[in-house]
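Per our numbering, the sequence shown runs over residues 3 to 125.
Note that these hints are calculated values from the structure, not bench results.
Take these hints with a grain of salt, some might be off.
Here are the simulated EDC-like pairs of lysine to aspartate or glutamate, each with C-alpha atoms no more than 16 Å apart in a straight line [unchecked claim]:
| no. | residue 1 | residue 2 |
| --- | --- | --- |
| 1 | K47 | E23 |
| 2 | K31 | E14 |
| 3 | K121 | D109 |
| 4 | K121 | D110 |
| 5 | K121 | E98 |
Here are the simulated distance ranges between beta carbons [stated by the list, open to error]:
| no. | residue 1 | residue 2 | range |
| --- | --- | --- | --- |
| 6 | Y99 | N13 | 13 to 23 Å |
| 7 | G28 | S115 | 18 to 28 Å |
| 8 | L86 | L25 | 17 to 27 Å |
| 9 | E98 | W42 | 14 to 24 Å |
| 10 | S115 | E37 | 31 to 41 Å |
| 11 | Y120 | K47 | 15 to 25 Å |
| 12 | T55 | D108 | 11 to 21 Å |
| 13 | Q54 | K31 | 36 to 46 Å |
| 14 | T49 | T78 | 36 to 46 Å |
| 15 | G57 | D33 | 30 to 40 Å |
Model, not experiment: these values are computed from the prediction.
Glycine is no exception: its CB is placed at the ideal position from the N, C-alpha and C atoms.
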Amino acid sequence: MFGITSLDVVNEVTHRMMLAEALGSGVIKRDSVRELRGKWREIAKLTAYWAQTAGIFALNILVLTSDEARLHRAQTVRARHGLLTNDSLIVAAMDEYGIDSLATRDDDFDHVSGVTVYKPTDI
(Lines of atoms letter the chains of each structure in order from A; the text may use other names.)
(Lines give C-alpha, C1' and ligand atoms only; values in the text may rest on other atoms or scores of the structure.)
Protein backbone atom coordinates (compact mmCIF):
# COMPACT_ATOMS: atom_id res chain seq x y z
CA MET A 3 0.00 0.00 0.00
CA PHE A 4 1.18 3.52 -0.69
CA GLY A 5 -0.06 7.07 -0.44
CA ILE A 6 0.08 10.14 -2.61
CA THR A 7 0.52 13.72 -1.49
CA SER A 8 1.73 16.93 -3.04
CA LEU A 9 4.76 19.06 -2.33
CA ASP A 10 2.31 21.80 -1.31
CA VAL A 11 0.99 19.57 1.48
CA VAL A 12 4.49 18.60 2.64
CA ASN A 13 5.41 22.29 2.73
CA GLU A 14 2.36 23.14 4.82
CA VAL A 15 3.11 20.28 7.23
CA THR A 16 6.73 21.47 7.48
CA HIS A 17 5.50 24.97 8.35
CA ARG A 18 3.12 23.67 11.02
CA MET A 19 5.80 21.43 12.54
CA MET A 20 8.19 24.39 12.70
CA LEU A 21 5.58 26.40 14.55
CA ALA A 22 4.90 23.50 16.92
CA GLU A 23 8.60 23.12 17.68
CA ALA A 24 8.96 26.86 18.28
CA LEU A 25 5.97 26.81 20.61
CA GLY A 26 7.16 23.71 22.45
CA SER A 27 10.65 25.08 22.94
CA GLY A 28 9.41 28.44 24.23
CA VAL A 29 10.59 30.50 21.27
CA ILE A 30 7.00 31.72 20.85
CA LYS A 31 4.11 31.90 23.30
CA ARG A 32 1.25 31.34 20.82
CA ASP A 33 0.88 29.13 17.75
CA SER A 34 1.23 32.08 15.38
CA VAL A 35 3.65 32.76 12.56
CA ARG A 36 3.56 36.44 13.53
CA GLU A 37 5.15 35.46 16.84
CA LEU A 38 8.01 33.81 14.96
CA ARG A 39 8.71 36.56 12.43
CA GLY A 40 11.94 38.43 13.07
CA LYS A 41 13.36 35.69 15.30
CA TRP A 42 15.84 34.46 12.70
CA ARG A 43 18.46 33.43 15.26
CA GLU A 44 15.95 31.21 17.05
CA ILE A 45 14.54 29.85 13.77
CA ALA A 46 18.03 28.81 12.70
CA LYS A 47 18.29 26.66 15.84
CA LEU A 48 15.06 24.74 15.18
CA THR A 49 15.89 21.30 13.78
CA ALA A 50 13.35 18.72 14.96
CA TYR A 51 10.72 19.88 12.46
CA TRP A 52 13.05 19.14 9.56
CA ALA A 53 13.90 15.68 10.87
CA GLN A 54 10.15 15.00 10.95
CA THR A 55 9.77 16.33 7.40
CA ALA A 56 12.64 14.14 6.19
CA GLY A 57 10.73 11.23 7.71
CA ILE A 58 7.80 11.97 5.38
CA PHE A 59 10.07 11.49 2.37
CA ALA A 60 11.19 8.13 3.79
CA LEU A 61 7.60 6.81 3.81
CA ASN A 62 6.01 4.90 0.95
CA ILE A 63 4.43 8.10 -0.38
CA LEU A 64 4.56 9.51 -3.88
CA VAL A 65 5.08 13.27 -3.62
CA LEU A 66 3.63 15.13 -6.59
CA THR A 67 5.42 18.29 -7.64
CA SER A 68 3.45 21.43 -8.39
CA ASP A 69 3.45 23.90 -11.23
CA GLU A 70 1.87 27.14 -12.37
CA ALA A 71 -0.85 25.36 -14.35
CA ARG A 72 -2.11 23.63 -11.21
CA LEU A 73 -2.20 26.94 -9.38
CA HIS A 74 -4.45 28.33 -12.12
CA ARG A 75 -6.70 25.22 -12.00
CA ALA A 76 -6.89 25.60 -8.23
CA GLN A 77 -8.50 29.01 -8.69
CA THR A 78 -11.36 27.34 -10.56
CA VAL A 79 -11.65 24.81 -7.72
CA ARG A 80 -11.71 27.63 -5.13
CA ALA A 81 -14.46 29.42 -7.01
CA ARG A 82 -16.51 26.23 -7.39
CA HIS A 83 -16.14 24.83 -3.87
CA GLY A 84 -15.18 27.79 -1.66
CA LEU A 85 -11.93 26.18 -0.53
CA LEU A 86 -8.88 27.87 0.93
CA THR A 87 -5.76 28.15 -1.25
CA ASN A 88 -3.87 25.06 -0.05
CA ASP A 89 -7.04 22.94 0.02
CA SER A 90 -7.85 23.95 -3.56
CA LEU A 91 -4.34 22.91 -4.64
CA ILE A 92 -5.00 19.47 -3.17
CA VAL A 93 -8.28 19.07 -5.07
CA ALA A 94 -6.69 20.38 -8.29
CA ALA A 95 -3.94 17.74 -7.96
CA MET A 96 -6.57 15.08 -7.26
CA ASP A 97 -8.47 16.11 -10.40
CA GLU A 98 -5.26 16.11 -12.44
CA TYR A 99 -4.31 12.57 -11.41
CA GLY A 100 -7.80 11.07 -11.21
CA ILE A 101 -7.66 10.58 -7.44
CA ASP A 102 -11.06 10.45 -5.76
CA SER A 103 -10.21 9.60 -2.11
CA LEU A 104 -8.66 11.83 0.53
CA ALA A 105 -7.53 11.02 4.06
CA THR A 106 -7.71 14.17 6.19
CA ARG A 107 -8.72 15.57 9.57
CA ASP A 108 -10.05 18.65 7.76
CA ASP A 109 -13.83 19.04 7.44
CA ASP A 110 -13.45 21.57 4.61
CA PHE A 111 -13.47 18.82 1.96
CA ASP A 112 -16.72 17.20 3.08
CA HIS A 113 -18.84 19.21 0.64
CA VAL A 114 -16.60 18.71 -2.43
CA SER A 115 -18.45 16.56 -4.94
CA GLY A 116 -16.54 13.61 -6.34
CA VAL A 117 -14.19 13.38 -3.34
CA THR A 118 -14.54 10.56 -0.82
CA VAL A 119 -13.17 11.81 2.50
CA TYR A 120 -11.69 9.43 5.05
CA LYS A 121 -11.22 10.70 8.60
CA PRO A 122 -8.66 9.21 11.03
CA THR A 123 -11.49 7.29 12.72
CA ASP A 124 -12.33 5.69 9.35
CA ILE A 125 -8.77 4.57 8.60
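Hints versus structure:
no.	hint	result
1	K47 / E23	holds, 10 Å
2	K31 / E14	violated, 21 Å
3	K121 / D109	holds, 9 Å
4	K121 / D110	holds, 12 Å
5	K121 / E98	violated, 23 Å
6	Y99 / N13: 13 to 23 Å	holds, 18 Å
7	G28 / S115: 18 to 28 Å	violated, 45 Å
8	L86 / L25: 17 to 27 Å	holds, 22 Å
9	E98 / W42: 14 to 24 Å	violated, 36 Å
10	S115 / E37: 31 to 41 Å	holds, 38 Å
11	Y120 / K47: 15 to 25 Å	violated, 37 Å
12	T55 / D108: 11 to 21 Å	holds, 19 Å
13	Q54 / K31: 36 to 46 Å	violated, 22 Å
14	T49 / T78: 36 to 46 Å	holds, 39 Å
15	G57 / D33: 30 to 40 Å	violated, 21 Å
Violated hints, listed in ascending order, are 2, 5, 7, 9, 11, 13, 15; each of the other numbered hints is respected by the structure.
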